[in-house]
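Enquirer: So you can see what is in the structure, the chains are spelled out below.
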Amino acid sequence: MPEPKITMKEVEQVARLARLTLSDAEKERMRRELDGILSYIDKLRALDTEGVPPTSHAVPMTNVMREDEPTASFPREDMLANAPDPAGEFFRVPRIIEE
Amino acid sequence: MPTSLTIHELGARFRCGLVRPTEAVRAYLDRVVALEPKVKAYLTVTAKAALEQAAAADARFESGTPRGPLDGIPLAIKDVLCTRGVRTTSGSKILESFVPPYDATVVARLRSAGAVILGKLNMDEFAMGSSTENSAYFTTRNPWDLARVPGGSSGGSAAAVAADLAAAALGTDTGGSIRQPAAFCGTVGLKPTYGRVSRYGLIAFASSLDQVGPFAKDVEDAALMLQVIAGHDPMDSTSATVAVPDYGAGLGQGVEGLRVGIPAEYFIDGLDPEVEAAVRAAIETLRELGAKTESVSLPHTEYGLAAYYVIAPAEASSNLARYDGVKYGLRVPGARDLIDMYSRTRGAGFGAEVKRRVMLGTYALSAGYYDAYYGKAQKVRTLVQRDFQQAFERVDVLVAPTTPGVAFKMGEREDPLQMYLNDVFTIPVNLAGLPGLSIPAGFTQTGLPIGLQIIGRPFDEATILRTAKAHEAATPWHGKKPELAP
Amino acid sequence: MIHAYEVVIGLEVHAQLLTRTKMFCGCSTAFGAPPNTQTCPVCQGMPGTLPVINRRAIEFGIRTALAINCTVNADNRFARKHYYYPDMPKNYQISQYEEPLAEHGHLDLEVGGAARRIGIQRLHLEEDVGKLIHEGNLETAQSSQVDFNRAGVPLMEIVSMPDMRTSDEAAAYLKSLRAIVVYLGVCDGNMEEGSMRCDANISLRRRGATEYGTKVEIKNMNSFKNVQHALEYEITRQARALDSGQRIVQETRLWDPDRGHTVSMRSKEFAHDYRYFPEPDLPPLDVEPAWIEAVRSSLPELPAARRQRFMNVYALNVHDAEVATQSRGLADYFETAAKASANPKTIANWVLNELLRLVPGDDDKAIAACPLTPVKLAGLITLIEDGTISGKMAKDVFETMYRSGEDARTIVSREGLAQVADAGELGVVVDQVLAQHAKVVKDWRNGKKAALGFLVGQVMKATAGKASPAVVNSLLTDKLPKV
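Chains as they are written, first to last, in the working numbering: chain G, 2 to 100; chain E, 12 to 497; chain B, 1414 to 1896.
Keep in mind the hints are simulated off the structure, nothing from the lab.
A virtual CB, placed ideally from N, CA and C, is assigned to each residue, including glycine.
Take these hints with a grain of salt, some might be off.
[To be verified] Straight-line Cα separation of at most 27 Å, DSS-like style, residue types lysine-lysine; simulated pairs:
| # | chain 1 | residue 1 | chain 2 | residue 2 |
| --- | --- | --- | --- | --- |
| 1 | G | K28 | E | K104 |
| 2 | G | K44 | E | K390 |
| 3 | B | K1494 | E | K390 |
| 4 | E | K390 | G | K6 |
| 5 | B | K1638 | G | K10 |
| 6 | B | K1855 | B | K1758 |
| 7 | B | K1494 | G | K6 |
[To be verified] Cβ pair distances, simulated, as ranges:
| # | chain 1 | residue 1 | chain 2 | residue 2 | range |
| --- | --- | --- | --- | --- | --- |
| 8 | B | N1762 | G | T72 | 47 to 53 Å |
| 9 | G | A88 | B | H1674 | 53 to 59 Å |
| 10 | E | E404 | G | N64 | 58 to 64 Å |
| 11 | E | Q401 | B | R1709 | 42 to 48 Å |
| 12 | B | H1547 | G | D43 | 45 to 51 Å |
| 13 | E | A60 | B | R1709 | 51 to 57 Å |
| 14 | B | A1417 | G | P71 | 39 to 45 Å |
| 15 | E | G96 | B | H1517 | 49 to 55 Å |
Use the sequences and the hints to build the structure in full.
Expert: Set out below in structure tokens:
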């Protein structure tokens, strides 16, 4: 039996990093499915990529910039229109407890 | 029947006054009402606004000042593209009530061209999926067999065009999400070169792979759509400054002397025999029309899927971090504190596939795993790209199946890995950033569409369109329509 | 105790750039707008939006990098730094990670008479976050409010090597860095308002040890003084802890200026996993050598060099040179005036004392708008030198010049302020004064030297201040013994 690619503890850590609440059933299913996918992805290891540069942009470009000229900002009402909890001029959020 | 016409046919009737835009739009809206209970392609229909836009187009035609080939043409937009003042969900519950205050650049360009927007089309949530079964709302049906999927993630777009519920539609393609549903639904579907079309206003899934492209009833229509949406956008730093050619000119040039490559690795054991037969017949058709074919090798094809399933989820996990209940979209009430609010909102607002990919992507980017996963996958990506570069030294286009099989039944592919294998022929094209399209190449014995994929050099959409047009003109497939009674 | 340990300090400075627009969108960066009125879908992180790099921000980064002796990396790129916080619209910050704009620089300081070189590890660009307002304070607030006006403003982060060994060095480094960025016009250096922020990393180790001790991050120091006090507090705190055998916890602590101590931020002892990866929405930068050279040749003379030159050329002492170069505007003013005058030392005196009384020394705008131009000041000094007016009268003329913007000569002639130096004319007045104040004359004879000053004052009064003090003094000294 091959080593599991991902443990339940790792699933919980990753869920915390990703700010996702998962039920116990979801966590177990997630562990199994991720395990399968990670095993599949492992075939990449077989490839020799020594000296191969990574591609982060499919079509190479450099130096795309704009001038420091102001453009009109959007009216506040437009920006707050979709807010789940607008508070006057602000977006309101529940209390913040440092981790 | 205006709804069975292509864009160029309908446009001709507008210009000679045989049909008015408002008539065409009304005909489409009526058909939507009649058939939507069966097909379920639309998430939002914007009937009132569409009729207003149509009336404006009427006036332009009457005064002899139409804007161009798309003026007055009824189109629909995949719900992954922001439309100002119109709800845009990306197929997700987390954006169920989101109304963007701005248009995506491609939408703005269609509007400027006078196109009429009928509504927003269903899709797999956040464009993650190959069947539209991952939509948080409902699954769109394949018009050729309502028990089967239309493909994904642009399932609504493909089904709408196949069922004449829009004259054409916009979709997006990250790993095959235009080409695969086009193949499953028997339409034309084009993914342009990465950077050819602006991504501004496209709700991001995988930034280095996403592209917007058209679904159309024939190749000429696809060229007309591409002409309007292509071109540099200063709001998108990854959009190319390469000049946009006239895609219509040379469309009918034919394929005499064209060098066509057939990638050996795309004819694998698992390929449906009927799909293989149709594709080989299409290749034969091209030979008869004067093309020169030869076998080429893309040796890293089998690694493309694995590389994609690291890169795309990694970028997605980052792009989806913003959906947190603070500024827009869903917020689950009753949370204890901020972190609880984040987690509950994302837990409730995202579906299973999205959560899976966010988890996978977060893992691949996390400390200690970056080099082994993301870093490695980006290098494999280079190898995949080089395969194509080498092939294109000898040939001008590549021709292959779009998918290993045809449209499957709803609920049939439950294992995520099984589902991912749908995209094995389309993914490498996204990794390499190349243009690719799918056109109808026949049907199975049971009447399900089969797609032919044509892949080109960067920014050479003109050649793949020309090749597609030659095949289309010599075959009867594009004229067939599914039997759909209201 | 403390001297048993070597203190190791590194500083991380974030400077808000004086560009007109944000780092990745065209919203204005102007200070003081009503909440959430300087935003757009891009800086609010709305779905589908994309960043576009502000060229001037890159230029400001290059300018600063050159001024602090860094190597500019031609190939550099942006990266995403992930963490969840409500002031971060996308829940990732676009910053730079493995390929920053510049590296390997240094600042040369003078601290307590000794020359010290502090290494600079890197300089990179990133976007600022929004403002969080807690109802009450962070510990007790039931909710918080977010204003995204500041989100997306360009920030330049400068990270020093852990080369500082005392809080004085840290303060000197900070002052020097601030002077440079203000001189370059890339940042207004206002620590109280938050356009320049400083975090410190500090650890202690036994003298002679080669390994670094556990470092503690200190935040919330919004002035040079606070930086110095916070570091001094930390040094004591850590030394005491180490002395009593305690372990230093790796954590972030906030400086509380009211209570004069640092407080732990309740953070766990693990590092954030920022999941950095190259920003896919932004093609990398390839800074052309021609651009770097163009920026280099447009660099102004930097504070340290200018200070030295003022000392060499204008014979200013160290303190005066420092004050005169506290801002580019003031240094320019002084130099223009000094060049127009034969007496730079007097000019220095007037600029650093009289002018600075009226105009804040680091407010370049106010100095530029000052109606009393450098050339006019030089004109005033000339009138003193050639005896037209007395030094005391000059002060009044100075005030008038500042208010009206007129030149000295105009004012003096209009108001008839020219000094009277004629010995004959003054002699008459002196005689009158001596006659009126016989008692004081007697006091002087009895040895009260202050009586002379009084008599001088009386002559000045009688001449409405116009008498030449030198002549009056000499006449009195001459006449008194003879009365």
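Enquirer: Hint says 45 to 51 Å; check whether the CB-CB distance for B:H1547 and G:D43 agrees.
Expert: With a Cβ separation near 47 Å, B:H1547 and G:D43 satisfy 45 to 51 Å, so the hint holds.
Enquirer: Is it true that the CA of G:K44 sits at most 27 Å from the CA of E:K390?
Expert: 14 Å, holds
Enquirer: Using the beta carbons of E:G96 and B:H1517, state whether their distance is inside 49 to 55 Å or not.
Expert: With a Cβ separation near 52 Å, E:G96 and B:H1517 satisfy 49 to 55 Å, so the hint holds.
Enquirer: Regarding G:A88 and B:H1674, is the given constraint of 53 to 59 Å on their beta-carbon distance met?
Expert: Because 34 Å falls outside the window, the suggested range is violated.
Enquirer: For a C-alpha distance cap of 27 Å, please report whether B:K1494 and E:K390 respect it.
Expert: Roughly 22 Å separates the two Cα atoms, so the pair holds.
Enquirer: For the pair we were handed, B:K1494 and G:K6, check the Cα-Cα distance against 27 Å.
Expert: 26 Å, holds
Enquirer: Check whether the Cα positions of B:K1855 and B:K1758 lie no farther apart than 27 Å.
Expert: 40 Å, violated
Enquirer: Would you say the C-beta atoms of B:N1762 and G:T72 sit inside 47 to 53 Å of each other?
Expert: Holds, at about 49 Å.
Enquirer: State, for the Cβ atoms of E:E404 and G:N64, whether the hinted interval 58 to 64 Å holds or is violated.
Expert: At roughly 29 Å between Cβ atoms, G:N64 and E:E404 fall outside 58 to 64 Å, so the hint is violated.
Enquirer: So if I understand the rule, the pair passes when the alpha-carbon distance is 27 Å or less; does B:K1638 with G:K10 pass?
Expert: Not OK: B:K1638 and G:K10 at ~46 Å, beyond 27 Å, violated.
Enquirer: Hint check: E:K390 vs G:K6, CA-CA at most 27 Å. Holds or violated?
Expert: 22 Å, holds
Enquirer: Would you say the C-beta atoms of B:A1417 and G:P71 sit inside 39 to 45 Å of each other?
Expert: About 56 Å separates the Cβ atoms of B:A1417 and G:P71, which means 39 to 45 Å is violated.
Checked against the numbered hints above, the structure violates hints 5, 6, 9, 10, 14; every other hint is satisfied.
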